[in-house]
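Position chain B relative to chain A; hints supplied.
If you read the protein sequences in the order shown, they are chains A and B.
At position 95 of the first sequence the residue is numbered 95 (the working numbering), and the sequence of numbers has no breaks.
At position 3 of the second sequence the residue is numbered 3 (the working numbering), and the sequence of numbers has no breaks.
Some chain A residues flagged as far from chain B (calculated, every beta-carbon gap over 10 Å):
| hint | residue |
| --- | --- |
| 1 | Glu12 |
| 2 | Tyr23 |
| 3 | Trp139 |
| 4 | Leu141 |
| 5 | Leu149 |
| 6 | Gln153 |
| 7 | Val179 |
| 8 | Ile181 |
| 9 | Thr183 |
| 10 | Ile188 |
| 11 | Glu197 |
| 12 | Asp207 |
| 13 | Phe214 |
| 14 | Asp216 |
| 15 | Thr236 |
| 16 | Gly245 |
Computed list of lysine to aspartate or glutamate pairs in EDC-like fashion (alpha-carbon distance at most 20 Å, straight line):
| hint | chain 1 | residue 1 | chain 2 | residue 2 |
| --- | --- | --- | --- | --- |
| 17 | B | Lys157 | A | Asp125 |
| 18 | B | Lys41 | A | Asp96 |
| 19 | B | Lys41 | B | Asp222 |
| 20 | B | Lys41 | A | Glu93 |
| 21 | B | Lys41 | B | Asp219 |
Keep in mind the hints are simulated off the structure, nothing from the lab.
Please read all numbers here as calculations on a predicted model, not as lab measurements.
The C-beta atom is built at its ideal place from N, Cα and C for all residues, glycine as well.
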Amino acid sequence: MPSGQPLLDGNERISVLHLCVDYHGVVAVHDASLHLDAGSICALVGMNGAGKSTLFKALMGFVRPSAGSIAINGLPLKEARRARAVAYVPQTESVDWNFPVNVHEVVMMGRYGAMNLLRIPRPVDREAVKEALDRVDLWPLRHRQIGALSGGQRKRAFLARALAQGASVMLLDEPFNGVDIRTEKLMIELFEQFRREGRTLMISTHDLSHVTSFCDQVVLINKTVLAYGETASVFTSENLALTFGGLRLEATPAAATDPDPQAP
Amino acid sequence: MTTLLTWLVEPLQQEFMVRALLVSTLVSCVCGLLSCYMTLKGWALMGDAVSHAVMPGVVIAYALNLPFAVGAFVFGVGSVALIGYIKQMTRIKEDTVIGLVFTGFFALGLTLISKVRSSIDLSHILFGNVLGISSSDILQTVLISLLVLTVLVVLRKDLLLFCFDPTHARSIGLHTGVLHYLLLSMLSLAAVAGLQTVGIILVVAMLVTPGATAYLLTDRFDRMVWLSILSAVISSVAGIYWSYWMDASTAGCIVLVQTLLFLLCFLLAPRHGLLAQRRRSPRASRFPS
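Just chain A, with the same shape it has in the complex:
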């Protein structure tokens, strides 16, 4: 059971030290440092262009840092990637939903890295996929073409793929975009289960109400890590003002509003 058992290897999941990334001389992230332990849910909060997606890309090894270092589970990125430790859950808008694959095939794609060259599923792969689909309640819909799923089911299908991959670190890109309240509750329940199993989730969001409700860690980012740590200590009006470039926001969940003028 690759995804069900607690992942107890080591305590530090993500370690970023003095990370700098630039694109052709334009600084995207400067001198960012943070540490996240096993079994935590961390909100990554920042405006558009603050470097959220750059940080994700760096954690997946897609961009070469100009300085600094990253370790996942105490391993250098390359080895962590080979161990398939990091799963990326994309925004559902970024996928072609007419693609001729069904739910089972999409979740099986999480296992490809573990298979032989021909990607022929072994019993252990089928088991992992079944377990992942069971956990997100999609096993009965496994033969559906992915476009025939509802919005919430699509999100769950991608969570199942990350589960089937057996990742100990999950990067989720705006998972609550365009999700109804029921699905949101379901997803948060799943996230809390993942946390109990010792996984580390990093959730990029610009909706501050989520941050205080279930995230135990917060990373505030604006070209660099402004503050990170326990939600209660980081989520202050001063820090938020820094994050959103002078926009003053109340740090209470009730008054938290969407600070991003470009967000839908």
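Okay, now just chain B, sitting in the frame of chain A:
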């Protein structure tokens, strides 16, 4: 009954017809399989570009007495690399770069063929010459086809994932850059194989239409592949027979049959066809979204 049998069997007594049917069936399998990826990746224009860009390579190879596939492959891959490079280094959009590069290469081919003294017939390159295909050309086509088929079959799942979700592919350690250029190389090779049958101008139909036809018929990739290959083979065989009895352009007939098959599916496909959508639409129009 006997007339139908004569109609089918009589052409087979000509050796050139047997060769043409065998070669184009093989090429159809290759192009049919590849066209599924082209359709899903949205690379139709890229297919058109590569097939036109191989022309100077073919002319140079013939002039130097090299296998035409070598020249075609070099220019096919070269055009793809050039398109990628210009796109990366400038702010010009990809479709513009594609249009710019392939016409440039095609023009070079046209100029070369008018100046280089050789036995090449321009119309054979432009419109194919499957009825007059030589033994050495057959050998090259068979080798290319087997190579492309092997690569596409071995890497079919990786390529599918690369088309569907390249970010995930990369995050689990697949080399998406390699897959990208590999698929483009296979496209160049398939274009070279296809131009034997239908020529440079119509080879893009071989690389697009079967996949598009199959995509209307199914929501499963495996079935899409088989249906695509089937429609490509049917089109080639029917097209060659048709051109034999009508004494019409072989390339034209093959692609025309492909297009007719597509139109048939466009109308009658069980779920994605026009009629099926019409049947569903009265209910939809009562609840406008």
